[in-house]
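**Student:** Letter by letter, the chains look like this.
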Amino acid sequence: MAAIEQSDVPPHRKGLVSWFNRRGWSDIIIATPYIWLLVFFFLSFIIVVAMSFATRTPTAPPFSFGGEHPLINLDGYKRLFQDSLYIRAFLTSVVNALIATALCLLIGYPMALGLTRVSRAWRNILLMLVILPFWTSFLLRVYAWMGLMSNNSWFNRGLTSIWNWVVPTDWALRSIPMMNTNFAVVLVMVYSYLPFMILPLFANLEKLDQTLDEAAMDLGSRPFQVFRDVTLPLSIPGIIAGGLLVFIPAAGELIIPSLVGNSSQPMIGRVISDEFASARDWPMASSVAVALLLLLVLPMMLYTHFDAKAQERMKDEP
Amino acid sequence: MPSPQPVSAPVNTAGADPFVRIEAVTKRFGSFTAVDDVSLSIYKGEIFGLLGGSGCGKTTLLRMLAGFEDPTSGRIWLDGQDMTGVPPYERPVNMMFQSYALFPHMTVEKNVAYGLKHERMTDAQRKDRVREMLDLVQLTQFAHRKPHQISGGQRQRVALARALARAPKLLLLDEPLAALDKKLREHTQFELMNIQSQTGVTFVVVTHDQEEAMTLSDRIAVMDKGQVRQIGTPNDVYEYPNSRFVAGFIGSITTFEATVRKIEGQNAILDVPAMGGVKIGRSVPGLTEGEKVTLALRPEKIRLGRERPDDPNSFSGVVSGLGYLGKDSLYRIALPDGQIVTVNSVNARRVGEDERVADWEDQVWLSFDPTSAILLRN
Amino acid sequence: MNRRPIFLITVLCFGFAFFYIPILSMIVYSFNASRLATVWGGFSTKWYATLFSNKQVISAAILSLQIALLSATCATILGTMAGIALARFKKFRGRVLFSGLITAPLIMPEVITGISSLMLFILMAQWIGWPASRGFTTVTIAHITFSMTFVATIVSSRLIAADQAIEEAAMDLGSKPWQVMKDITLPIISPAILSGWLLAFTISLDDVVITNFTTGPGNTTLPLLIWSKVKLGVTPDINALATIIVCIVGLGVIIAGIVMNRAEKRRDADIRLAYRANE
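Chains as they are written, first to last, in the numbering used here: chain P, 2 to 319; chain E, 126 to 503; chain V, 0 to 278.
The shape of chain P in the complex, shown without the other chains (with noise of 0.2 Å):
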């Protein structure tokens, strides 16, 4: 192929033209985002790892390798499995995404497939509705319920007033304390990350085949039957992306804690943050960065893994 072109270049076209023709334009357009790339997002991930097995010192910046120290340093991950606050904050970090992706789950599923029910006039509206808070900003939407959930806001006085109505009097609350606490951020994880839930769910179940409902109808199952013999399976992919695309930012939030959680409980970005910015323990940071990627990559790796036997089973077909 290539000889081909350029024994059909004339000899005066020869040259930059003729290079930029050939291989040129590709060439750029390939090179220029992957230098971008390699410089600052690579270089940087290199960073990290490598300083995650670098010494603290008082210098600036703040770590060195060599010299009067080890060349590589494992203190960092020692102390991720000594010290009990990186231990508990990794857990409270997995417990909290765990729940928060559960939950959405539980609200997103229906939601989405009652989206995939509604007339198409209706979908469109309610589709842009689920997108709408994205689109404000994040620290706004977290605001929001700091609003609603502290203390004499009308919300937590009509949550109180229903405890009080519904439990002994022993029990009377004056307020219901949620902010500063695990259910809070729960809760506003819930509300930041449902349409993350949503949309890949929304986008799968639209896309099976409804006559498969019929079918397994016309076969005898009563809706219940049908919703779990053929939606439920077939959507599976669906679940494991919005799983996904919810737990990997719950797991390493740093906004949603910091600003209703409970500070004497903290999550995981909450202690990277804290090590790098106020400890000036970069190789700790890195450290606890390091481990907090390997611990997002798993689940990541079987969802590939999921993905690429998936991918195999289409290949198949005659």
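Hints listed in this document are in silico derivations from the structure and should not be mistaken for laboratory results. Just so you know, nobody snuck in bad clues.
Simulated restraints on C-beta separations:
1) E/GLU432 x V/ARG271: 53 to 59 Å
2) V/ALA16 x P/TRP166: 17 to 23 Å
3) E/HIS230 x P/THR33: 41 to 47 Å
4) V/SER43 x P/TRP166: 29 to 35 Å
Where a beta carbon is used, it is the ideal one built from N, C-alpha and C, also for glycine.
Could you slot chains E and V onto chain P? The hints should help.
**Tutor:** Same frame as chain P, now just chains E and V:
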């Protein structure tokens, strides 16, 4: 019956009570009438074809039989039971979907067994039934494959086995052969007929393909714009169409304007200007002298020759087009007034190109039997 | 079978109430006369006046818009190139690493992206003397890096879905590969490029964590300003600011929705006409 032509008796169930009775069923979607006051009867054990173009209402009718749609008005009776308001999962009716609608996450075996989940039977009975069904469609060796691992023809058979597994009283087939290629379609047609006679289940087949309808069905209802235009055996609707629509929809046809001069016993003497004079055709009931009618001729019912035949039903024209199809040839003959007649002539002898009956621009003579002429009242 | 899925509709209603009650409450309380942001003290618009007279807010908003415009535009150019490379060049050296670099920032927690960018900038300043200080430049670079991967993902999935035969047809008709790119490929993916730009713009305008790490003194973006105020608790002028932002975004989305709806209706009508012409 809305059709003016009397419904001919079913081939094998003369005098029987109808098994499925569709009574004055109308279905509207908003302002659109998909099915318009349709009444028809289907007899036990027959293959009944619903034939029509896209949007004629045949699929809507089928979906009402399955229970996916409720009629706006009218009733559907199945084996003496009123089906109004009965949900699909409680009807003794199963459907083979056009797309097959096989469950992609279940194996062939699980697909076939799915409908049996809701039947009261032991696991062993269920297993036997699945085995029996897979044997019937010759797919036993593919039992553990998933639908995307088998061919299109095999998928079609899985769909059939799945629909038959629950031993429905009525099997609905939506364009059962549309997704198959031509060779496989011919083979599968006969297989379907075979399985129908083995199981004795009543079939209702929806199709837009007239050839498919003709080979498969014992009787055909031709539908157009939500209405049934004619019901009859394949022979009836082909040879004795009751309207220009049916005549034109099934097979090809050439039509001529004609005026009735006289009725002589069985025959009608017609004035056909395009054929240059008086021609004879078989009369139809109710025809009066002086009436304007349409004379329709099927291409294979017209004889073609270079010499003028000794036949009053002959006329001449010039060959304006010629298509060699192998087993037969298609001629387009231009009559003096410009009308084009399509003639189909079987190539019964093996001859070279220069020996054929007629060539481009040749003057030829055409003739037909009075019994072959279809008279349609306007 | 025209059963209404009552359960699903109920969940939808509750879901949307969950989405919008906090926002509505925030809007209502922006008109609260009381200084206590959670106790109703009568109707007032004084917090809007406070907000507009606050020079800090205005300059932070301008800085945010500048960064967002510049970073979204650069991210769209780089991301589109990357998306085309991923979707159309099946073989080149380092393709696996390249596609990894495109997906990794998407799953990287923002805190890690933030500290790693900051360490990079500090070390670069030490090694090569650039960037000399942190601020507008470093924040913009960090935003470009982060959001170009979103653009690349959108563009490449659109390109993979598009029929490659169209491009082959253009080449068959005598276009050189780069001309095909210009005449055929770019027009095909222009909606994806537009939505990529919008997404990059929003991400940049909204980002707190990465900006917090990569910015320097005196360069406070609007989210950082809000962040520092919100940390101290609920204050009524933030309610007013939130209301303004929600109104601007809502208006934009509604207008975009109406335009899209019109286009869809017109297309439906065209399809129906075409069918009728065929009959």
